[in-house]
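A.B. asks: Using the sequences plus the hints, can you model the full thing?
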Amino acid sequence: NVLLNIKCAPSLALSFSNPPPAKYGGRHTVTLIPGDGIGPELLSHVREVFRFSCVPVDFEVVNVNSALETEDDINNAITAIRRNGVALKGNIETKHTMPSSVKSRNNLLRTSLDLYANVMHCQSLPGVQTRHKNIDIMIIRENTEGEYSSLEHESVSGVVESLKIITRSNSLRIAEYAFQLAREKGRRRVTAVHKANIMKLGDGLFLQCCREVASGYPDITFDSMIVDNTTMQLVSKPHQFDVMVMPNLYGNVVSNVCAGLVGGPGLVPGANYGRDYAVFETATRNTGKSIAGRNIANPTAMLLASCMMLDHLKLYDYATVIRNAVLTTMNETRLHTADLGGQGTTSDVVQSIMKIIQSKGQLTADF
Amino acid sequence: RSTAARSTADSIMNGLKPEPTCFFEQMQTVTLIPGDGIGPEISAAVVKIFESAKAPIRWEERNVTAIKGPGGKWMIPPDAKESMDRSKIGLKGPLKTPIAAGHPSMNLLLRKTFDLYANVRPCVSIEGYKTPYTDVDLVTIRENTEGEYSGIEHVIVDGVVQSIKLITENASRRIAEYAFEYARNNQRSSVTAVHKANIMRMSDGLFLRKCREVAENYKDIKFTEMYLDTVCLNMVQDPTQFDVLVMPNLYGDILSDLCAGLIGGLGVTPSGNIGANGVAIFESVHGTAPDIAGLDLANPTALLLSAVMMLRHMGLHEYASRIQTACFDTIRDKKVLTKDLGGNSKCSEFTSEICHRVQDLA
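Listed in order, the protein sequences are those of chains A and B.
In terms of UniProt numbering, the first sequence opens at residue 1 and continues consecutively.
In terms of UniProt numbering, the second sequence opens at residue 1 and continues consecutively.
Just so you have them, the derived chain A footprint on chain B, three or more residues with Cβ under 8 Å:
(1) 149 to 155
(2) 161 to 174
(3) 196 to 202
(4) 219 to 232
It should be emphasised that the hints constitute simulated quantities derived from the structure, not laboratory data.
Predicted, not measured: the structure shown is a model, and the values here were computed from it.
The C-beta atom is built at its ideal place from N, Cα and C for all residues, glycine as well.
C.D. replies: Structural data, given as structure tokens:
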């Protein structure tokens, strides 16, 4: 029952971006981008679990080669997502050996599809040893502008300018999303993270937009905190935070700090929502090059992300079964992968998950 | 209050006649800026402890307030500038930042006056002051003049704001060189450049390139590079994997405060600022705490550890170790602690305890 309450309630907020209707006999088609590093192996495990559980989802695989300078691959992926409406992806590597005109493929995907809200829910899991217990923080990060505008130029030789763009419309949009989500999940407080004492115009605008939106939600407390103080507070007193909303770069920092607090990159799923599309991935977007191909990566984050995707497609029963199985396995300590201090391999964990799904009696394939 | 502190410092200085020492150590002058709020009392505490240690330091007290110079430009008082230019070493307490005073913050003025390009914060776990993180021992070196804090912002059209982050070759090279020199001089084994060159390809890419170039000249130090988000992720899980971190301004601001949070906050964190012409100003980075100012309740640890950093910078390692040991022993023993450290002793009692220990360690 505790497990059921943690994550399974279907989120009404997800209905902001309407899922595409299921076609072809009730089966959904979802774009799958394997990416680099541990992406391909984790996503193949997701497919394995989906096949085993008879999930009515077909994956359209689109490979993106990070070694190429042309943008054809990523444009194909974007087209596929426009067609299917939903995607599940691994992280695509950004190679430093390429010229700086070659932009991050992940960023291109997010901005082209206008996936303006990155949502991450950090919860302490009972089976994972961490320094801080009972953390429950939702992080909503503006996902398209800010420091990630990719607008840079060398004005004079040896002097580079990088532009950070903050707009009123995007700031209002993300603040609105944050407050709506907070209300739907019954959360009491929203904290805006900023550095408006230094970036008076840019972050000042962001903060002002948050305040404007906050005035429309009198049932929710709104406060703000400067980003450096926020990180200091997170490592000493994380329980003071409830829902946090922030521009792009601070979102990057805060979400990684919170992921580290609850147990690491292998545990937390992330979702990127736009008005028309939704893309699911691990929250901390790591390529995991050093552990790729060794069967030691933690499949939890990617599997939980796939459950978030199933919720988005309104396939709640399948999502619940798989999620419960993943969380039950997590609480059997000897089945932790190396990142959690255990000895288990990725396949061990996946096998355990499938065994738990089978023991539920229904939804399994006859081989 | 600052005049009271000045007379305290002077009386401590004058009360002790210079004793002939076996080693004819040169007295070195340090410009002392007590600051506001609890600044004067913690500065007096540090002076007292240094006296007990018989450190060869001659304090020259100066105040910094913003004054308008010829041409209308805000500047620090000329006697403060003259003292610092001569002594090259400064120790500073917290300065209050007045709102709507019409002048920029004093910290910013000091930074610009002396071209303080490197902010150095060693973060070491304090035995006896428990936090969830033990065995932290790292140093953050932050570029302090450019980056995201250039202050260049424009409203492009109504509702669209552009902030400019500036990265230059010279500043990046300078900070990288400082980081590697620091690592070499302090027996640190590795330097990690923190960046986001996957997203900010040109700007952080330039920073990274300069770090790599400088690393070529320091083959005895291991050089690694890591994304900012990966550093944050790993820092809260296992901070022991980090040694010296070098990074541009904003990341440095965030990470240095994150690391301060790991060891117990700004009340126990030292900080040093290195300037272009050999000037170095060491400071406590906490606030002025006006609510407890003058009540003998303040904790001088941050300023004391910054002063220890200063001694090391000046090459006076023996005094530095003794004072630091005395401070850490006092905290570990838990008998005489100020309120923020979990005890209920006064600042003067805490200071006296450290003084006794320093003398015992001689």
